[in-house]
Structures are given as structure tokens and as C-alpha cells.
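Residues per chain, in single letters:
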Amino acid sequence: MNTKVKLEDLNVHFGKTHAVKAVTMDFPGNTVTAIIGPSGCGKSTVLRSINRMHDLTPGASVTGKVIHDGIDIYDRSVDPVAIRRKIGMVFQKPNPFPAMSIYDNVIAGYKLNSRVNRAEADEIVESSLKRVALWDEVKDRLRANAMELSGGQQQRLCIARTIAVKPEVILMDEPASALDPISTLKIEELIEELKEKYTIIIVTHNMQQAARVSDYTAFFYLGELIECGVTKKIFTTPEKKQTEDYITGRFG
Amino acid sequence: MTLLAWRKLKNTGMTLLMGGATLMVLIPLILIFVHIVKMGLGSISLDFFIHIPKPTGEAGGGMANGMLGSAFLIALASTLGIPIGIFGAIYLSEYGGSKVSGLIRFCADVLSGIPSIITGMVAYTLLVVPMKGFSALAGAFALALIMIPIVLRTTEEQLKLVPNSLREASLALGVPLWRTSLKVTLRSAMTGVMTGILLAIARIAGETAPLLFTALGNQFWTRKLTDPIAAMPLQIFNFAISPYEDWHKLAWAGALVLVTIMFALSLTARWFGRKKGLS
Amino acid sequence: MSLETETHRWKMEKGVSGDLIFKGVTVLFAFSILVILLLMIVEMTGESLPAIRQFGWRFVSGQDWDAVQSSFGALPYIWGSVVSSILALLLATPLSVGTAILITEIVPKKVGGIVAALVELLAAIPSVIYGLWGVLVMAPWLQKTVQPFLIERFGFLPFFKGAPYGVSMLAAVFILMIMVVPIITSITKEVLLAVPQSQKEAAIALGATRWEMIRTAVLPYGKSGILGAVILGLGRAIGETMAVTMVIGNSPQISLSLLSPAYTMPSVIANEFAETTSKLHASALMEIGLILLVVTLVINALARLLLWSVTRGAKKGARL
Numbered sequence: 001m002n003t004k005v006k007l008e009d010l011n012v013h014f015g016k017t018h019a020v021k022a023v024t025m026d027f028p029g030n031t032v033t034a035i036i037g038p039s040g041c042g043k044s045t046v047l048r049s050i051n052r053m054h055d056l057t058p059g060a061s062v063t064g065k066v067i068h069d070g071i072d073i074y075d076r077s078v079d080p081v082a083i084r085r086k087i088g089m090v091f092q093k094p095n096p097f098p099a100m101s102i103y104d105n106v107i108a109g110y111k112l113n114s115r116v117n118r119a120e121a122d123e124i125v126e127s128s129l130k131r132v133a134l135w136d137e138v139k140d141r142l143r144a145n146a147m148e149l150s151g152g153q154q155q156r157l158c159i160a161r162t163i164a165v166k167p168e169v170i171l172m173d174e175p176a177s178a179l180d181p182i183s184t185l186k187i188e189e190l191i192e193e194l195k196e197k198y199t200i201i202i203v204t205h206n207m208q209q210a211a212r213v214s215d216y217t218a219f220f221y222l223g224e225l226i227e228c229g230v231t232k233k234i235f236t237t238p239e240k241k242q243t244e245d246y247i248t249g250r251f252g
Numbered sequence: 253m254t255l256l257a258w259r260k261l262k263n264t265g266m267t268l269l270m271g272g273a274t275l276m277v278l279i280p281l282i283l284i285f286v287h288i289v290k291m292g293l294g295s296i297s298l299d300f301f302i303h304i305p306k307p308t309g310e311a312g313g314g315m316a317n318g319m320l321g322s323a324f325l326i327a328l329a330s331t332l333g334i335p336i337g338i339f340g341a342i343y344l345s346e347y348g349g350s351k352v353s354g355l356i357r358f359c360a361d362v363l364s365g366i367p368s369i370i371t372g373m374v375a376y377t378l379l380v381v382p383m384k385g386f387s388a389l390a391g392a393f394a395l396a397l398i399m400i401p402i403v404l405r406t407t408e409e410q411l412k413l414v415p416n417s418l419r420e421a422s423l424a425l426g427v428p429l430w431r432t433s434l435k436v437t438l439r440s441a442m443t444g445v446m447t448g449i450l451l452a453i454a455r456i457a458g459e460t461a462p463l464l465f466t467a468l469g470n471q472f473w474t475r476k477l478t479d480p481i482a483a484m485p486l487q488i489f490n491f492a493i494s495p496y497e498d499w500h501k502l503a504w505a506g507a508l509v510l511v512t513i514m515f516a517l518s519l520t521a522r523w524f525g526r527k528k529g530l531s
Numbered sequence: 532m533s534l535e536t537e538t539h540r541w542k543m544e545k546g547v548s549g550d551l552i553f554k555g556v557t558v559l560f561a562f563s564i565l566v567i568l569l570l571m572i573v574e575m576t577g578e579s580l581p582a583i584r585q586f587g588w589r590f591v592s593g594q595d596w597d598a599v600q601s602s603f604g605a606l607p608y609i610w611g612s613v614v615s616s617i618l619a620l621l622l623a624t625p626l627s628v629g630t631a632i633l634i635t636e637i638v639p640k641k642v643g644g645i646v647a648a649l650v651e652l653l654a655a656i657p658s659v660i661y662g663l664w665g666v667l668v669m670a671p672w673l674q675k676t677v678q679p680f681l682i683e684r685f686g687f688l689p690f691f692k693g694a695p696y697g698v699s700m701l702a703a704v705f706i707l708m709i710m711v712v713p714i715i716t717s718i719t720k721e722v723l724l725a726v727p728q729s730q731k732e733a734a735i736a737l738g739a740t741r742w743e744m745i746r747t748a749v750l751p752y753g754k755s756g757i758l759g760a761v762i763l764g765l766g767r768a769i770g771e772t773m774a775v776t777m778v779i780g781n782s783p784q785i786s787l788s789l790l791s792p793a794y795t796m797p798s799v800i801a802n803e804f805a806e807t808t809s810k811l812h813a814s815a816l817m818e819i820g821l822i823l824l825v826v827t828l829v830i831n832a833l834a835r836l837l838l839w840s841v842t843r844g845a846k847k848g849a850r851l
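Chains as they are written, first to last, in my numbering: chain D, 1 to 252; chain P, 253 to 531; chain S, 532 to 851.
Derived by calculation from the structure, the hints in this document are not laboratory data. Yeah, the Cβ is synthetic: ideal placement off N, Cα and C, and Gly gets one too. Among the hints, erroneous ones may be present.
Covered, in the sense of this in silico footprint (three residues per stretch, anywhere, with C-beta under 8 Å from a C-beta of chain P), are these stretches of chain D [claimed, not checked]:
no., region
1, 76-82
2, 112-118
Only pairs whose alpha carbons sit at most 30 Å apart, straight line, appear in this in silico DSS-like list of lysine-lysine [stated by the list, open to error]:
no., chain 1, residue 1, chain 2, residue 2
3, D, Lys93, S, Lys754
4, P, Lys412, S, Lys640
5, S, Lys640, D, Lys93
6, P, Lys435, S, Lys554
7, D, Lys166, P, Lys260
8, D, Lys166, P, Lys262
9, S, Lys640, D, Lys21
10, P, Lys306, P, Lys476
11, S, Lys640, D, Lys65
12, S, Lys640, D, Lys16
13, S, Lys754, D, Lys139
14, P, Lys262, S, Lys754
15, P, Lys260, S, Lys640
16, S, Lys554, D, Lys16
17, D, Lys166, D, Lys139
18, P, Lys384, S, Lys810
19, D, Lys233, D, Lys6
20, S, Lys675, P, Lys290
21, D, Lys6, P, Lys412
22, D, Lys86, P, Lys262
23, S, Lys641, P, Lys412
24, P, Lys351, S, Lys554
25, D, Lys21, S, Lys641
26, S, Lys641, P, Lys290
27, S, Lys810, P, Lys476
28, D, Lys240, D, Lys65
29, D, Lys65, P, Lys260
Across the chosen pairs, the derived CB separations fall in these ranges [to be verified]:
no., chain 1, residue 1, chain 2, residue 2, range
30, S, Phe680, D, Asp75, 46 to 54 Å
31, D, Ala119, P, Leu255, 33 to 41 Å
32, S, Ile617, P, Leu275, 32 to 40 Å
33, P, Glu310, S, Val668, 51 to 59 Å
Pulled out of the complex, with its shape left as it was, chain D reads as follows (with noise of 0.2 Å):
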């Protein structure tokens, strides 16, 4: 099993609040692993430190390792712009830029380090319609806005943003808490069939949903890694005994 990110003795301070406590855990490549836990857990925080997304937040510190390919994303000759085109992020709310078409949309990010030319372009944008399955649905309105689109389709044009950069680690916060269940049903299928082109790790507050999208599941409870393993097994029989509490559903 190849690892694709690692975390070792990962831990992320707010100020005096320690949100997450000393997590050591690997995620396989080609694998989709849902990150659990009842709100306020530490699930996003662990989400956002993997592509250094905390450097933004004032007062946030993160220590211990982030290891991606076999180098620690946090060590001092990493450029955080750099390693965010390779680990892309996917929100819980569709934030498709409302000044753009759907076309600039889907290039913005590829744009910025690459001279494309129109046709190359043209390409990108296509093909990355594609693997998220809205092309046919705005194939003949590109230059459309964005904000035109149904929260289901804005929320699936951000996932094309995201691989038009060729990310290989495609990080999704909640990704379908916004959206209506047929949507949510499209975006549950796109990870099934993205996961054999990236590594995707999903932060999920529904329990069915990592039971569904994910390969293996990892459980957290104030900040710290409780359970972490193969989906079905976490899902019938948990080792630790708030594990199961949480998947039956007796608290959280």
C-alpha cells in the first residue's frame, strides 16, 4: 500500500485553544478516506492543515509533520503556493468566483502558473467539465456566470477548478452539506470515479456518506485521532468503544 500523505505528531494550536492532539496517521494513495467525528472535533482543522491552509489564519500554529511524497510539507524550503497546486481543496460551500464566466472559472487556477495558449485552454477547461460529468450541461453557455449555475452545479464546477491544476491530492470539507440530496448523489458518485486519479480525503458530518464514498475511515473526538481503518470494518466492528458510541449513534 503506497502512502500519498502522512501525518506525524500533527497538532494545530488557535491561540490557547489545542485542536488537534499529536495525530499520526497515513492516507494510500488512490483511496478515498473520510475523516469523521462530531462537530467541533478537529476533522477541518486536520483537513486544512494538509495543504497549509492555517498560514492564513491569524493566530494559528501548527507543529509536528505533514508528509506528502516523502517531504514534510511544513519544512522551511517548502512553498506553500507550490504545495497547494499539488494538494487542491474543495469547500463546503460552493465559492465559484462571481466575477468570472464558467470557462475563466474552471482556468483561473490553472492560469496562474502556466502560459496557456487558447487552444490548450480550451482543452483544459473541457476536460475538466468532463470528469466532474457538467460539461453537457454548459457546454453551449461557458461564458455564462458562474453564479448562474444551480449549488449543485457551482459546487461541481469548483471540484473542475480544483483538477484543472492537476492536483494529486484533492482535499473536500463537507463538500455536499449545502446541497440538496440529488445533488449530493452526483457529487458521491464524482469522488467514487476522481479516486483513480487522486488521493481524496473528505471531512464528513454523515455517517452514511463515509460509509459510502469512503475506503477507510478515521474517526476523531476532541482534536485527537481515535480510530482509523478500513471503512467496513470501522462501520461494523469498531475497536474503541466511542467509536461505536458515535456510529450508533449515542452521541454527537
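Could you slot chains P and S onto chain D? The hints should help.
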């Protein structure tokens, strides 16, 4: 150079550029402060506070009449402007339909952007011409016109922040709506409203243009509301454009006093604002 | 028992009528805003009529301003107002937007707060004090150093021809720039603060540098708000009276040179209105005021609409 290195360089360059812009903004500010304090301190004396200006070219004299005149104009303008602003704001937040309130809000915003010299001209035609003379009353009226939209908008913003449950609690106790508005809604928004009032006063305390042809200015003390009255900003203006060194000194001293008052007002306003933040 | 009912009824009736009176007062005062605005337009138009009848369109195209001959053309004042305001805006906009970006996106919150507070102090200084500083400090400095330098190096350009007077169009442009910077900066700051964190994160997660984040996520999101701020600054610059009057030289001439004195619409009103020589003279000044009123009404309405469209939905409206 790799594209990434170029992007980083551009990032650094733009950051420096924005730092430079900020410096360019702050340098004149600092220069103005330094000059006001330096020149003002060099010119100010006890005479400044207790004497009226000396005739042209004579040394000494002060701005006592201007300071008292300004205080009087501000008091008179506030008496007219503050109640109108506050009660108007109560209408917008407590009674008004969204369309009417929106229109009034919009007009208030537009009104506060109209050059103050126009307000002076309007006060001139409405008061100075019928009363056949420049007067303190006309000056205060012009200043009140400037205050009203400011007080109205800031008060309304504050009233909107009062939670509805507070109003309902009072109404449910059988307190009539008007008493609820005054004793509960307005009172709980009071610190914020005070901030707005202080800012409005700070704004009119420095206004010169609307007084040019209403209050006109006066070399001496004013005894009647219907007489022209001196005001500090007017005196600073007249002394600054005069060719006399002594008058320039008076102008600097006046500027120091005026700026000190303004900063005291805005610091107090901030203090009120903070107090509200803590509660 | 019956007495209690009596008292009760009496109380209730007082409450109801109190409500009516109270509401009446608030309605009256709220609508006073509309009355003031209408009154301004009506009064200014009415008082301008003699000049409008006398001169028609020649008023805005004529260059003569002669109280003795009763011939009034306002072009030099319009020219002075337009040129000084636009040049001031051209200088102030990049400085203001840069400062607002620095405050909101680059420096730590505390530092940003200090810079913002300093800029707000700049906004609190009365216009007449800017004028005082402008005429007694800045203009002599311009006359001794900046203008001779410009004449020597760039004197071949029509913009820098003539003698160094100190008080000049250039002085007015500088003083206006200093005065509108705080307005544009503080409104732009509010606009930028209204840009959702999710937009910035979207750009950062795509591997954008901070500047690229500002360019792709922050500025496009805030552009109509920033435009609103700039237009509001324009309104302020066009209507600015005292400071400009004190440094522009008050000479009604149309010159390409930034070094020559000029005159603006508010300045001529400030200088002449209290001492008009004839009804027509007063009316001509009123018409200048009317033009100023209409222009600033349009500018402010436009700016407010732009700003409202941006901050609607955002928690805090940008107001100033």
C-alpha cells in the same frame, strides 16, 4: 527564472508597492500634524483664549469670540438637528415601510454628499434674505441641515441592532409603542447614538463654507441671534489668507485648538463605541 | 371596581393617542430629509432663473465673468473644478486602494487597525485647516522646490509652462488628493472586508500567491464597491470649497499648465456670494451652485447605488 519564482517576485513587488502607497498616504498626514502642533504651540497664549482679534496689523489678540461663537452655533444647530435626526431614525427603523424607508435612507445618504457651500446658499435664500441680514440663526440653520442626515443614518443603524425580543418584551408588558421606542429601543442603543451625535458635531465644528454667507463672521462679540456671529473656522480662513504674519499665527493657534477639539470628540466617540462593544 | 376600570380606560386612551402623536412626529422628521432635498433643488433653481433666462447655454460655454458689464460665463470655473477633481482622483485612487489592500489583506490586524485609525484622523481634519496648511506650508514649498524643478526639466510640455506661483492648479490637485484619500480608503476598506473568506480561500487553495489572491478573488469581487468609493471621492473633490479656494489662486483662466492659478465653482461662490453687486450676479452664482448641486446629486446617487449593491447581503454596510 522559473514561473513560480517570477510570481513570488511579483507578489513581493506588489506588496512593497502597496506599502509605498500607504507611506504616501501617511506622510502628508504626519506633516500636517507636525506643522499644526509646532506652529500652533508657538503661537498660542492665554491671550488667544480671552481676547478678540486686534485690528488689522496690530500684534496680539485672540479668538475668544470665535470660540464662543462656534460653541453657540453648534449648540443651536444641535438643538434643531439632533431631535430631527433621532426621531426621523425612529420612524425608519420602527414604523416605516421598506420602500419609503429605503427612499429616505437613500436621500439622506445623497444629502450628506452635497457640498456644504450649497447648504449655505440655501440657508441664505431661506433666512438671510427674508430677515434682511446675516445672522447667527442662519448659520446654525445651515449647520443643522448638515447634521440631520448624519445623525439620522447613524441612529438608524444603531436602532436596527436592537434585538426585536427587547421591543416585544416591553410591548408585552403593556407599554405603549412610543414609550417602548424611547425608553427601551432608543435607550439600549444610546451609546451608539451618542457616537453618531459626536461625529456629527465634529463634522459641523469644522465647517466653514456654509457659514460664509449665513453667520458671516464678526470681529466683535455678538449680542443678538439676528446679528452676524464669529466662528473659529471662519476666523482661521480669514487670517490664513491675510498677508499679516500675526494673523497667520492666530490662524495656526486656532487650527491647533480646533484639531484638538475634533480629536477629543472623535476619541470620545470611539470610547462610546468601545463601551458598546463590551456590553 | 368601577373606579379601576375608569383608570384603566383613561390610561389606555392616553397610550393610543401618545402613539399617534409620536408617530406623527417621527413621520414629519423623517420626511424632512425629502423636504430639505426638494427645497434645495427648488430654491436653487428658482434663484438661478434670471441667469438661466439671460444667458441660456452661453452660461456654461462663456469665458467672461464680469460683474461690471453683467456678463457671466462659467466655463473657467467648470474647467477648474473638472480638471482639479479628476487629476486628484487619478492620484488618490491607486494610493487609496493600495492602502486599503495593505490594511485588510497584508499587515496583521493590529497594524492595519492603527493605519486605518490614522487615515480616519486625516478625514476628521476640517477643510479650512487643510487650506491653512496648503497655503502657508505646501504652496511655498511647491513654489521654491517642486515647480522650479518641473519648469526646468519638463518646461517644454504645455502642462508645466509659466512662472512658479505656488498657489496653482497643482497645489489644488495635491490638497484635494490628500483630502479624498481618507474617504476612498475607508470605504474601499469596508468593501474589501465584505469579500467573503471563502472567496479568498478558493484562490489560495488553487495555489495563488497573496497578490494573485487579491487580483483574482478580492478585487473583482469588490470592484463595483471600489468604483462607488472612487465616485464618492469625486463628489467630495468637486464640492470641496475652503481648501481649494485657499490654494488654487482664484484666477478665472483656462490654461493647460498645472502651474498657473485657476478657479473652481465652489471657490467663486465662496469668494463672491456675500458681496454680489447685482441681482444678476447673485443669480449667476446661484446657477453655478445649481450646476454643482445637480452634478453632486447624480454622483452621490450613483455611488450609493453601487455601494448598496455590493454591501447588500454583507453584514455591515459601508457607510460614511
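Need the list of violated hint numbers for this structure, in ascending order. Failing hints, ascending: 16, 21, 31, 32, 33.
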